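Each chain sits in its own coordinate frame; assemble them with the hints.
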Amino acid sequence: MDVTGEPYRRNRAAQLASIQALNEQLDQARAGGGAKYAERHRKRGRLLVRDRIELLLDRDAPFLELSALAAWGTEFTVGASIVTGVGVVSGVECVIIAHDPTVRGGAMNPYTLRKTLRALEIARVNRLPVINLVESGGADLPTQSELFVHAGKIFHDLTELSAMGVPTVALVFGNSTAGGAYVPGMCDYAVLVDRQAKVFLGGPPLVKMATGEDADDEELGGADMHSRVSGLADHFAVDELDCIRIGRQIVAELNWHKLGTGPTEPADAPCYDPEELLGIASADFRVPVDPHEILARVVDGSRFGEYKPLYGTSLVTGWASIHGFPVGVLANARGVLFSEEAKKASEFILLANQTDTPLVFLQNTTGYMVGKAYEQGGIIKDGAKMINAVTNSTVPHVTINIGASFGAGNYGMSGRAYDPRFMFAWANAKLAVMGAQQLAGVLSIVGRQAAEVGGREFDVEADERRRREIEEQIERESHAFFVTARLYDDGVIDPRDTRTVLGMSLSAAHSQTVEGRRGFGVFRM
Amino acid sequence: MTISKLLVANRGEIASRVMRTAREMDIATVAVFSDADVDAPFVRDADEAVQLPGNTPAETYLRADLIVEAAERTGADAVHPGYGFLSENAGFARSCAAAGLTFVGPSPEVIEAMGSKIRAKELMAAAGVPVLPGVTVGEDAELDAAQLSARTAQEIGYPVLVKAAYGGGGRGMRVVREESALLDAVTAARREAAGAFGDGTVFLERFVDSPRHVEVQIFGDTHGTVVHLFERECSIQRRYQKIIEEAPSPAVDEALRAELGEAAVAAGKAIGYVGAGTVEFVLGSDGRFYFLEVNTRLQVEHPVTELVTGLDLVRLQLQVAEGAPLPQEARAATLTGHAVEARLYAEDVAAGFLPATGTVHRFAVPRLPGVRVDAGVADGSAVGVHYDPMLAKVIAHGATRDEACRRLARALAESRVHGVVTNRELLVGILREPGFRAGEADTGYLTRHDPQQLGTAHTDPAARRLHALAAALAGQAGRRQCAPVLATLPSGWRNVPAGPQRAVFSAGGAEIDVRYRFAGDSVEAEVDGERIDGIRLRAAAPDRVEFDVAGVRRTVTVHGRGDEFFVDSPLGATTLTEVPRFPDPDSLTAPGSLLAPMPGTVVRVAAEPGSTVAAGAPVVVLEAMKMEHSVTAPCDGTVDEITVTVGQAVDLGTVLAVVSEYAAVEGAAAQEDAG
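Taken in order, these protein sequences are the chains called C and P. Residue 184 in the working numbering sits at position 191 of the first sequence, and the numbers go up by one each step. Residue 746 in the working numbering sits at position 655 of the second sequence, and the numbers go up by one each step.
Calculated from the structure, these hints are not laboratory results. Note that this is a predicted model, so its numbers are computed, not measured. The C-beta atom is built at its ideal place from N, Cα and C for all residues, glycine as well. Just to be clear, a hint being listed does not mean it is correct.
[What the hints assert, rightly or not] Some chain C residues well away from chain P (every beta-carbon gap over 12 Å; in silico):
| no. | residue |
| --- | --- |
| 1 | P0 |
| 2 | E139 |
| 3 | E153 |
| 4 | G158 |
| 5 | G205 |
| 6 | G224 |
| 7 | S275 |
| 8 | R296 |
| 9 | L303 |
| 10 | V329 |
[Stated by the list, open to error] The list that follows gives simulated cross-link-like pairs (lysine to any residue, SDA-like), each with its CA atoms no further than 25 Å apart:
| no. | chain 1 | residue 1 | chain 2 | residue 2 |
| --- | --- | --- | --- | --- |
| 11 | C | K365 | C | Y404 |
| 12 | C | K36 | P | P588 |
| 13 | C | K36 | P | D675 |
| 14 | P | K360 | P | E371 |
| 15 | C | K301 | C | Y265 |
| 16 | C | K36 | P | D604 |
| 17 | C | K36 | P | R672 |
| 18 | C | K365 | C | V426 |
| 19 | C | K301 | C | A326 |
| 20 | C | K36 | P | P676 |
| 21 | C | K374 | C | R327 |
| 22 | P | K96 | P | G182 |
| 23 | C | K36 | C | T170 |
| 24 | C | K146 | C | G195 |
| 25 | C | K374 | C | G512 |
| 26 | P | K96 | P | L417 |
| 27 | C | K146 | C | L134 |
| 28 | C | K36 | P | V595 |
| 29 | C | K36 | P | E602 |
| 30 | P | K360 | P | A346 |
| 31 | C | K36 | P | F673 |
| 32 | C | K374 | C | F516 |
| 33 | C | K29 | P | P588 |
| 34 | C | K374 | C | N385 |
| 35 | P | K96 | P | P132 |
| 36 | C | K301 | C | N381 |
| 37 | C | K301 | C | T387 |
| 38 | P | K360 | P | Q410 |
| 39 | C | K374 | C | V426 |
| 40 | C | K36 | P | P674 |
Next up, chain P with everything else stripped away, as it sits in the complex (with noise of 0.2 Å):
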């Protein structure tokens, strides 16, 4: 049987990673999109593409129905369902093969068997595979606090990590370290994972501290063939979210890399796996190892393999499906040298990873050696609300862990990324924090680094000021160049001196107020109130600044989009908003107003107008990027105002509510005196 057409059932970068392969394999490709991603890459790099009507996955990408139908009307014979949305739901796989479709993963009772963690993890003990201690609580049980408490205690015992039984990518997991909240989590991952997942089971098990997350790769063939294509660590972790992957691990040496590759071996075997899957352990420090979950489809991560074994795990998997054996150079893999991946996401770090949207002005990556990109994402592209925020991911090989850390940290420095807020200053500087180059990472990594000062470490306020010098100059130079009249006479001259030209940006909350005046090429300039010395102006263009500044000649470059200025310079990049002249009296909000954190969806409105609410009560809460996010009372008062409604879609910084601070009491002024 051959593969003639495949339709990826996905989005993003997978997708256009999938069609990459299936075009060098000759087999045309067909897309599905929904009506938001009518312009992403991935619909442009597919054959043939078929809308999908909607935006949210569970109108689209989530539709087994309708992509059925699409890979019927476009004639496709194989459906790739990528990661995440269907790539581990057994009924679109069943769906796919009713139809005659081959499905590029494992057959829908494997899926099945896996995806409930609690089958898998029986599966597993009864192979031999170590296994963690867990407890099951159905969609439908009853929670029965006095019973739960029980259980927990006596088959798992503290901590234990509560999450949703199918459902993958973090989503609904929590550490619970004490009896009290583990109601509440569990009753909160619930919800979540009925929203997200269809289905509410959740699974509680033992939570190991300080662990590494290591999973082997296995490919498993028709022809009862499974090898092992050696380890990946996968330790660095935010919300339990993957941001850093390598091949092999630091933490693994030869035995272990034995013995993990020959429990997954094991694994695959007592399954009958077929295709691409990953087993997941948790590796203590103790240097133990146990069984967490297997994922019946190609990982986010499957790069960093390919890199090490120079294999391309969608070809075999295309050659797998096709009913081929798994070729030789598979089954005797080889590992060489270091594959070190980033996962770049659209996100603001600093307000605790808060998922951010936009459109992605400027994409580009540097071409260094060794260095791969796997984008979802190009120039234009709009980053919106209702998929995963991950932009792109980057890998670089090396020989050596450190070569591969290096090139990494420099593409990733280096590239240009403009429109959206992202993780990149976090992943340069996890690259190159001393003690994860040491090798020294488990997961409790970002809590034990501050990702707000890893992310910050090449960006001091001196190089601020000069990007935000560097804006302005740019701005000023776009200025003049468009100036209707007078456009070859000197910058901002005039016969009696006046005060400095001045431009004011914020960036992150803060405003930068920079001011300068040209004094033939030489410019006289000063950022918040600090002068700066010593400047030589060598040309300044509306897209980049060059400058010597104390004797060192800079270059600095500068994509101004409206009132937004990307600053990009070895020094790091800078995103500044420029501030207008003059405030538009129109754009003026009542104070009081509680404002959009993010765009988003309204799912709860918690306060009535007109009655009353204290400091940090929520009073409506958001949903966006899958998670909740309540919008709290700033002070204790009275709701003036309530302007959106459950359901409604908001943009960033629309007024929520208006509350209105309290007339201070005498008694509460008192009292507060008396404190």
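Extracted from the complex, chain C is given alone in its bound form (with noise of 0.2 Å):
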């Protein structure tokens, strides 16, 4: 790797340009609700979610925000009013689920339900104790009919956990009314806080209306009824430090053990900078990128054990430690899959399940072959056999899109639809059905196609019109940003934190118990 030469730094420029615009981005879900919201909820005595969160982590441990940019370009605030992740809470790795109150009083959007439920799909996946910090004053009403029926689903997987035998935990700082006062209803444990929470199905105001009974927030929901007369509160808290304090208390007392082994390599760290993963990463995913030189930058010591180095080549599979876990790597060095490739990783996918060794997959791909040679060859069938052998794998998969993820690669290399445990895209990656130039040209031909057999004029300068608008189009909806704000991913990330970032999916993963599937031999394709 020449780090020298112009390539690596066109390629680090435009890398790092990518990271700020990320950083600005991340800035505006950070803000909340913005300065004047932030400082009004601090004058009322109260912390900042994201204060609460870093109280409740264990210090210096390391915190994965997931899904932070959640309803970037839409109508809403980036981040969508919630801040989810997975962090250490009294030595339990947790899914935390913080609602900011800053943000219109934290009310419920449709990306703040697709934000909440995939933290829980995440923690049920993956077996992490779920602490709520509440404070929501509802559904965002004029949106409710995206909302309401699929809202019902935060309780349903609250208690679905709860069977599991995964802890839930809710802190109530403040609002938790109506269908919100179920979350703390359907946790394990609730702690609510004094003279701040208000935890009831409906408030003085729908009392009145309903019954013509007058009653007061405290008697409805405050947390001293609720800790001595109607038992929802397990604990009172007198002010919200005590209720985090209280909320660290009860993870440190459940007893927790994770299922899986845990690391069992040496953790070293990799012998080659991580800083240079910037002018490796291509600026242009038409220019494809070795993986191993992104490898030597993230695993164990740089140690990668080739598997069928000669065979396949466009796909690098192979065996790595990322901090101690055992992985098994399918990563694309030439985008296109063949068949030899899409054979190649479904025996690779079937060993790994054989010795439970989770997968990591590096997406760099615009799709499987095409073209005559290939369709008879069967490049239905090998790259069948591939999505075959990833939708079967039960093994933990953690997905990074470090260039492109187009086509049916995209399922192939365990995309969103594939259910890996967690997915994450660099700064500057495209996920689409096609690239964006390759989608108008391919509307333009059939176009032009349909006018020939309709007998029409081809209007060259419409299409050429069309083509520019299409293309523009793709573009924008190909970018890491618009696809994180949709949820297809869990977040948008610093190539430089690839490392930590699979550190953490796996150590989180082996919350699990890591288990692959067998019946089978592994079959030589």
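In structure tokens:
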């Protein structure tokens, strides 16, 4: 790797620009409802959502925030008025779901819901205890039609987790009313903050309207009432700090044990500087990246035991470990997947399932090969093998889009629909059915053919305009922010954080049993 | 007569010191120890040890009967009394003799004669030794203010020093500069003398301003020889307690040395002195000296004499006790170089030398050339309320005074003393102070130099900030090291930038707020709102942090124990207590609570529940380390509650009483406005 060469410098500049753009958006997410509302919240003696999380987390432990750019580019605030993530509380990796009350009172919009459900799903598949930091005014009523039906899933998932033996905790700092009241209601543990928590199905005006009864907030849903009378609260917290302290205590007393084996390999740092990933990552997805260069800056001690290095060389497969967790890696070396690559991948996935080894997919693919020779060679069957193997593999998958994820390559390389435990994208990565230029070109050809068949004259100028428009639209929609905004992945990351993000993801996955699918022998394809 | 087994009727460093020489002389050793001293190093140093049940000196180290019994039980044939306790108790010397034990010290008659400062002075005056004028107030005498004032004015003249007639160590001493304060001082001295020494007799004498305390080591044998082993200077004192001693005195030249030695030998001969003794003089700025008293025992500061003469005074004591004549090297002793001793006390200089207690988690003095350590504590030793709070003596010998001072200052500065507050900084401050180094030191030295300023000269706020940062980073390293999950991931990593990690410490009542964030091997840090730029972290372990700050490599050692961090570096030592992230709601005390400022015993409750008290009025009086401490009302108010009773032992921070402030009365408020 020539770190002084022109391509390296060009790549690095492009990556830095993407990361700069990412950080700007993350700043937006962190700002929540903005300085004015943050100040108002503080003046009420309350902690901001991220301060609550920071206090809840173990000191100096890492925290992986999820879906930080949810709702990016929509009418809603970046972050979707909620913060979710995987963090360590009292030595236990937990999923944290925390309302941001500075954004429209923490009201839930359709993106908030998706983000919440994704966090709950991560908790469920990885068997991570859930801690809800509750302070929300309820549903964003104008979008109720997109919310109401699916929102029931939150309470469903909370109690389902409980049934699976995954503890759920609600720390209630403020409003948790109407449907929201079921969050502390459905959790295994509930802690309410004195004179702040309000947990009721109907507030004073609604009660007055419904039954004519006069009642105040405290009588209907205060911490004191719920601690002494209704019994909904297990703990009465004198203030927010006390509430967080009790929350940490609850987790400390869970007697929690992870079911995975945990790290079993030496977790020594890579021999090559991860900073160099910026110059290695391709600024243009059409220029392939050598996965060996990436792995040398990601895996423990830069050790990589390659599987079938001379066969199906467009896809690199092999064994390594990340922060001590053994993994099998599948990484696209040249965008296209041929039959050999598909078969090699299928075999490799079966092998990983034999040895209960989690898989890491580094996506940089433009899809399966097309063309006469390949169709006749059975590319569909081979692609199907790979998709079959990916689908039915039961070891944890973690997928990172490091450049491009187009076509069925996205499926074969364990895209979102194939339920990887976690999925992230580098800041300049693209995701779509195909590249924007290609897609626009296809539409243009189809249009030309339709014109010919219909005997109409083909308007070249209009086609050119349309082609440009489509290209721009697809370019926009395949952008990493657009993709992550819709919860198609769990976040956009700085390439330099790849090792850390994978380490956290693998460790979280090891909370659950790590077990491959068995039954058949490994098919030699 | 030979001594084959020696019981040391003492504790702490002196017990260990005596046993060291005994062992070298193949004399078996027996320790006696109180309940509190069960794990003390001196007990382990002894071949055999006998427990004296109880803790107070009166129950233990002052129990002559139990000690004689212990000697009998173990078959000891001699008793070394050390200093303090029974060392100058003629009754004990007699009990030993009666039990057939050799008492290592002079005869009971000499002890008795010298124990009474009045008789001692009379004897000395008769022997031609210069003495100061003085007056005695017997323990049973009715205190008549008028008579007392008249006698004092006539026979002594102000300023007057009031002190216990039987006792030492500066306890109960007071300087009275005007007649009006005399009666109170005598009354208080009497009470303390009675409490501490069992005899309330008080002695008043002329107080010499700007005096130097110079004493001469004498040694006599049973063959009629009395020699002197030169002088020691012990002028650096706080509350009449010596803290730095040296030999020889920088204020004594050859002629004066000869004069002092002659006077001291004359004093010794006058009373037929046998064994080690010290003749104390006060030396005026005019070069004139007056006899103060004779200490009929080994002095705390004897090591400085040992280092400049090359003699082992304990060995000489034992040889003399065995009846041998003083050896030639003692009879013709010579002075070589200069020795300085510093007494390391567990005490809070900033709080007016308040005795401190706690556990010495670590005690280590670097082995520099010429440095000797006589320690009473080791790692893990408890320092309680019952005994003298001296932890150790550190003594340095050098070819010159300057060399000895430099060695001692560095040895002290590099020492690790963790767990108790000490006067170490003050000692280092004095040893580095130009005036002291020039030899300008009289007993008023610490009234002219603010002990607090001397003690902080080498720990500036920037050093404190760096130490707090190092403690935070060490704490961080500890947490990362023992993290049950994700231990190998970058410390405090966030994919969405969040606030920095935070550690809040308290040190000396002030809070230090440390914020830090890792970025690779560099650290962005802020201490008390001040950014520390350009930190490159080389290594961070729970016990050691190495970083480059502004291009300068620094290594800081951190010793963490629970919430406490003891931080040492060439910049100084800092003790930090980490403030927990979450205050324990149970630990909140009612406003207006009066807390015990130190561990001690309640000796008086000065206010009734429900009574009104003025700001500053004593509410509860504690006794700790032989001194009374009043805990006073913080404001004008009402005593809501007294939560302790007389005789109760209390720990530091125990709630003693609750006082609530008066609601502001309108008149008072108006008055204040007018004022």
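Against the structure, the hints:
| no. | hint | verdict |
| --- | --- | --- |
| 1 | P0 | holds (25 Å) |
| 2 | E139 | holds (26 Å) |
| 3 | E153 | holds (24 Å) |
| 4 | G158 | holds (19 Å) |
| 5 | G205 | holds (39 Å) |
| 6 | G224 | holds (21 Å) |
| 7 | S275 | holds (22 Å) |
| 8 | R296 | holds (15 Å) |
| 9 | L303 | holds (34 Å) |
| 10 | V329 | holds (31 Å) |
| 11 | C:K365 to C:Y404 | holds (22 Å) |
| 12 | C:K36 to P:P588 | holds (24 Å) |
| 13 | C:K36 to P:D675 | holds (24 Å) |
| 14 | P:K360 to P:E371 | holds (15 Å) |
| 15 | C:K301 to C:Y265 | holds (24 Å) |
| 16 | C:K36 to P:D604 | holds (22 Å) |
| 17 | C:K36 to P:R672 | holds (21 Å) |
| 18 | C:K365 to C:V426 | holds (21 Å) |
| 19 | C:K301 to C:A326 | holds (13 Å) |
| 20 | C:K36 to P:P676 | holds (23 Å) |
| 21 | C:K374 to C:R327 | holds (21 Å) |
| 22 | P:K96 to P:G182 | holds (22 Å) |
| 23 | C:K36 to C:T170 | holds (23 Å) |
| 24 | C:K146 to C:G195 | holds (21 Å) |
| 25 | C:K374 to C:G512 | holds (22 Å) |
| 26 | P:K96 to P:L417 | holds (21 Å) |
| 27 | C:K146 to C:L134 | holds (18 Å) |
| 28 | C:K36 to P:V595 | holds (23 Å) |
| 29 | C:K36 to P:E602 | holds (24 Å) |
| 30 | P:K360 to P:A346 | holds (21 Å) |
| 31 | C:K36 to P:F673 | holds (20 Å) |
| 32 | C:K374 to C:F516 | holds (14 Å) |
| 33 | C:K29 to P:P588 | holds (20 Å) |
| 34 | C:K374 to C:N385 | holds (16 Å) |
| 35 | P:K96 to P:P132 | holds (19 Å) |
| 36 | C:K301 to C:N381 | holds (20 Å) |
| 37 | C:K301 to C:T387 | holds (23 Å) |
| 38 | P:K360 to P:Q410 | holds (19 Å) |
| 39 | C:K374 to C:V426 | holds (20 Å) |
| 40 | C:K36 to P:P674 | holds (21 Å) |
In summary, the structure agrees with every hint in the numbered list given earlier.
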